[in-house]
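The numbers in the sequence shown follow UniProt numbering, run straight up by one, and end at 125.
Hints should not be assumed to be uniformly reliable.
Simulated crosslink set (DSS-like; lysine-lysine; CA at most 30 Å straight-line) [what the hints assert, rightly or not]:
#1 K75 with K23
#2 K84 with K25
#3 K51 with K75
#4 K25 with K75
#5 K23 with K51
#6 K110 with K84
#7 K51 with K84
These are calculated hints, taken from the structure and not from any lab test.
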Amino acid sequence: FARPTERTSSSMAAARVAALLTKHKATVAVAESSAGGAISRSLVAVRGASKYYAGGAVCYTAASKQTLLGLTPAKPTATEAHAKELAMAVRERLSADWGIGETGVAGPGKNARGVAPGVCAIAVV
Numbered sequence: 001f002a003r004p005t006e007r008t009s010s011s012m013a014a015a016r017v018a019a020l021l022t023k024h025k026a027t028v029a030v031a032e033s034s035a036g037g038a039i040s041r042s043l044v045a046v047r048g049a050s051k052y053y054a055g056g057a058v059c060y061t062a063a064s065k066q067t068l069l070g071l072t073p074a075k076p077t078a079t080e081a082h083a084k085e086l087a088m089a090v091r092e093r094l095s096a097d098w099g100i101g102e103t104g105v106a107g108p109g110k111n112a113r114g115v116a117p118g119v120c121a122i123a124v125v
C-alpha cells in the first residue's frame, strides 16, 4: 500500500479528474466490477469529493449488476461494450453528468466465457 504522503499514479489521475469535474461543476458516478471499488476510492480520497462524486457501485456479480443497475445478467462481461453499459447505467441511476464503467477478469483463472485474467475494459460516458 502507498503511504499517505506518497502520490501514486492513481491518486494523481484522480486529482486531475477531480479538478476538471470541479472546474466544470460536473459530477461523476462509477460502476466497478473487477476493480472492487478502487476507482471510487481514488476519487473520494481527493479533497472536495462531495462536489463532484455522485456515488458508485461495486457490481461483482451478474445478480448485483441486475439489482443495482438494472442490467440483464445474460450479456457478456469483460468487454468494452459492457463497460459502456455499466457507465451509462450508473450515470442514469445516480443522475450524474458522467459515468465510469469498469469490468474485467480478476482471476486467478478464466471467467465463465473463457476470458483470461488481467483483461480489463473501462468506459467513460
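Taking the hints in turn, this is what the structure says about them:
1. K75 with K23: Measuring from Cα to Cα gives roughly 36 Å; hence the hint is violated.
2. K84 with K25: Since the Cα atoms of K84 and K25 sit roughly 23 Å apart, the hinted pair holds (cutoff 30 Å).
3. K51 with K75: Outside the cut-off at roughly 34 Å; violated.
4. K25 with K75: 34 Å, violated
5. K23 with K51: With a Cα-Cα distance of about 10 Å, the restraint between K23 and K51 holds, given a limit of 30 Å.
6. K110 with K84: 22 Å, holds
7. K51 with K84: Holds, at about 24 Å.
Of the hints listed earlier, those the structure fails to meet are numbers 1, 3, 4, in rising order.
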